[in-house]
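Enquirer: Below are the chains, spelled out letter by letter.
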Amino acid sequence: MHLFHDSVMLSAAGEALSNILQFHRLIFLWLGVLVGLAIGLLPGIGGLTGFALLVPFTYTMDPYSAFAMLLGMASVTTTSDVIPAVLFGVPGTAASQATVLDGLPMTRRGEAGRALSACYLSSMFGGLIGAAILAVSLPVVRPFVLSIATPELLGLTIFGIAMVSTLSGKAPLRGIVAACFGILIGMIGTNVQTGQMRWTGGLLYLQDGVPMLPVLLGIFAMPELCELAIQRKAIADDVRFSAREGMAQGARDVLHNWFLVLRLGGLGAVLGAIPGITGAVTDWIAYGHALQSEKGARETFTTGDVRGVIAPEAANNAREGGSLVPMLAFGVPGGAAQAILLGALMVHGFIPGPDMLTTHLALTYSMVWSIALANIFGAGLCFLLSGQFARISTLRYTLVLPVVMAIVYVGAFQGSRSWGDMYVLLIAGAVGWGMKRLKWPRPPLILGLVLGVLIERYMSISFMRYGADWTLRPGVVVLLAMSALVLLRPLFSLVRSGGLARLRPSGGIAFELPDLAYVLFLGVGLYMLVTAQGWIFSARIGPTVVASTLVVAGVISLAYKVLVAQPQGGPGVGGGIHMDLAVDDNDALSTKVVLLRAARFFGWFIAFLACMALIGMIPTVPLMIVAFMRVEGREPWRLSLILAACVTAIVYGVFDQIIHVLWPGSLMGEWFPALAAIVPSM
Amino acid sequence: MGLTRRELLSGIAVTAAATIARPVPGQAAEDFYRGKTLTILVSAPAGSLTDFVARQFAPFYVKHIPGQPQVVVMNVAGAGGMVAAASLQSRLPKDGTVIGFLQRNNLYIPLLDPHQNSFDPREVNWVGSLDKVNYCMVAMTRSGVTTAEDLFKKKLIIGATGFANENRTLPALLDQYLGAQMNIVPGYSDRGEVYLAMERGEVDGWASTIDGLAQGEPARMLADGTMKVLLHLAWTSHPSFPDVPNLSTFVTDPQIKALFDFFLLPFQAGRPLAVPKEVPQDRLDVLRKAFDDTLKDPDFLAANAAKDYAVDPINGQAVADIVTKLYATPAAQLTQARKIVTP
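Top to bottom, those sequences are chains W and E. So the first sequence is residues 26 to 707, counted in this note's numbering. So the second sequence is residues 9 to 351, counted in this note's numbering.
Hints are computed from structural coordinates only; laboratory data are not their basis. It is possible that some hints are incorrect.
Unchecked claim - Only part of the chain E face toward chain W is listed, based on derived beta-carbon distances under 7 Å:
# : residue
1 : 79
2 : 82
3 : 84
4 : 122
5 : 123
6 : 200
7 : 203
8 : 292
Every residue gets a Cβ at the ideal spot worked out from N, C-alpha and C, and that includes glycine.
All chains should be built: construct the whole structure from the sequences, respecting the hints.
Expert: Below, the structure is given as structure tokens:
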């Protein structure tokens, strides 16, 4: 019986392969891959946009070609999204946040080629592992997915948030404060369980919550760009490897860490099969896992350890295979992108669900092959170009910065395509830069933002459905025990290393100016704590617990900082790394210069906003690029104009002509409607 | 006291703008759309069913507009369609080149929730609505709740998405006013999550649309008997399940009937289209006629049928009548309805 089953599977897989290897289908797969790579490069558009764009073309194709193209696109967005992440610290999609942490320091060291090559190869192997796991597990996957009920999802998300203690490095209390802050930001908006509007201030913009994208770009990308503007030099002084050496070194790194790739590929595929666990969550769980399990990672991660880019990339490409499971095995989509894919399946006359594992097994396996081939094509193409990409890191900052700034602004605007996104980017950017400079770890904030809402939602469902009994389910017990272990392990090592002995009051008070950051976090926490008390219990309990935790952790951390002796200086001394990108202050610029240049950087952004309000977003893009290049770098007119024209053409083509973004309009457009009819986005 | 330079400049700007903006008199609506682009503003994200329906509709629609304009479909999601509706009412061009593809909750939520008053369905002109929405209660057979009567006798745990979503408010109405015994668990992100929860035994049913039962996993579960349709949340039984009872059997009190009416009436205008009030009457007439013609276009109907989507239209006046009726709801019913939708 079992043997029979295996042979059915094998013959279906074989038939599927020969179907996919038809020339015209491979062409469609290639097309999908190219679109997917382009989408991954630009922050602001992801796989969902790609599906929405491509699906209409697939109605007239044969189903094998259609899914080859769609999955080809979806499989590689997380391959190319590392390029902006590694080169500029700008995550191309939410799934490449963690890659920034080690990717950017490698670039600064001149190892961009090595980092990129390692990313692509681990992406490819991850994608292949994901496809393989999907292929093998499909016939038996239903019980696995059915065994994961909401309490198990809750356990899993708690496990994710427990990573905060790992991702906070040597400042655990600050990490908790940042994580709670992130959770509270995630709680802004309509509470789905009670309909309570939380901290929306009556704004429609905030009703669905703060969009992830501008926060992500603000917290991660803006501070790195600001640093570039402060340092006023190329990201890397020199490329350390030739194109070929870099590629080879990256490949060696991946092969050398084959077990890490294998583990995280498996982890990614399993997490992908669970609806609700997005790429952003997978990314951090993968990074946290590598940080905990790899030898010496606690000393070298975030300083440009190649394992820090291999781990999240392997997991994220493996995810794509796993994410097909709910749709194929149950006929229910695991998210918006899967919903589109499901629609496309039905248009082609397939009924997703158990039939996909029996009658239509050949089509199902053609999907698996599509994912596998797309990963090879996509990674291969990027791999061959990685040396060229690496050179970008040595360009003058006056060439790189205006282009990346414009793309980040336009990208952030895709969060919900409203002015609110720009304000969120500005606020998050300022907070992110402050955190980076004052050594507050940023990853916990994002982790809190991503997981906080999920935890609240799952917890509410668990309690409403199971009462307190949910805690007794075996899967939950295991997950909670693992969470406790992850959470407490850094504490144990602190105790063992005698870190606690340093907790002796100094008798004096040492309040420094940077401690004002505490005032901001504590102030926001207290405000949210107080204002939440007017709501009904189920809407209030989550914010109350989180805000209280923030306040308590913040007060302890501040008291420790102000009152406790610090012989070696620095907060939370106890060994370990500062869990964030280090500020590159070799030049020892004076604080005044740093602040002045940062103000200038944010001044450019505010000027962009003002100009956007006046004449619209698209006309502002070339204007700002030229102005920046002329004013900051005295770049020649010719070069400035050419660069500005190229970027504008891309922005106009992609966002106006292909995606049809509804621009917010401008004053000029209101005054002169005739002009607005001609100039895009005015 | 002379004019300052700034005042003078802005005065010139305003005059110039007013001159340019004024519609050219005598330009026939038939010619207006020639060479122009009609923007269809979808109030739901790319990839949603509403988006799918809108993109399906768009190319056929412009074929029926004299002058055959180009068409662009834009997604403006957010706040349950309220962002799109509000920008349609306030800031988008009012010359008839932008048409809003809205959702039924835009018709009644502003009446119930003071936070959502940035849109007033009486302040736009309605072009028509593509389909009607029909809800029904479904339950897994294993729960032992297999008939409408069981809903009032036995406990049933059902899933729901958002608090203000119809798949929660309708069962909540049954619980509160008809004595149904459902324990509603909201918070699932979409129907897919609810069905997964049903399959793994976490919840045993939910309020589904009839359309949502037509294909895929729900259709399979109905066919093999693991899931049953118990009750139509309407005054008549939908032809897809003619033997299943509807609300008229259970609602007798006229007060309660009026309350249910408030929630059920907007379903007649499931996917309504609107233009800003300032659009000239002759252009509105053109858009309305094109809508009616499109919904009779055999090619359009065939294209929809091929994708298993059935249209069930009403015209613009009928949508406007529904809005008028909703806004005439007595205060007592509004207060009751508000309690269902807001915390």
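Enquirer: Hint by hint, note whether the structure agrees.
Expert: Going through the hints against the structure:
1. 79: Since chain W brings no Cβ nearer than about 10 Å to residue 79 of chain E, farther than 7 Å, the hint is violated.
2. 82: 5 Å, holds
3. 84: For residue 84 of chain E, the interface hint holds, since the closest Cβ of chain W sits about 5 Å away, which is under 7 Å.
4. 122: 9 Å, violated
5. 123: 6 Å, holds
6. 200: 4 Å, holds
7. 203: 5 Å, holds
8. 292: For residue 292 of chain E, the interface hint is violated, since the closest Cβ of chain W sits about 20 Å away, which is over 7 Å.
Violated hints, in rising order: 1, 4 and 8; the structure is consistent with all others.
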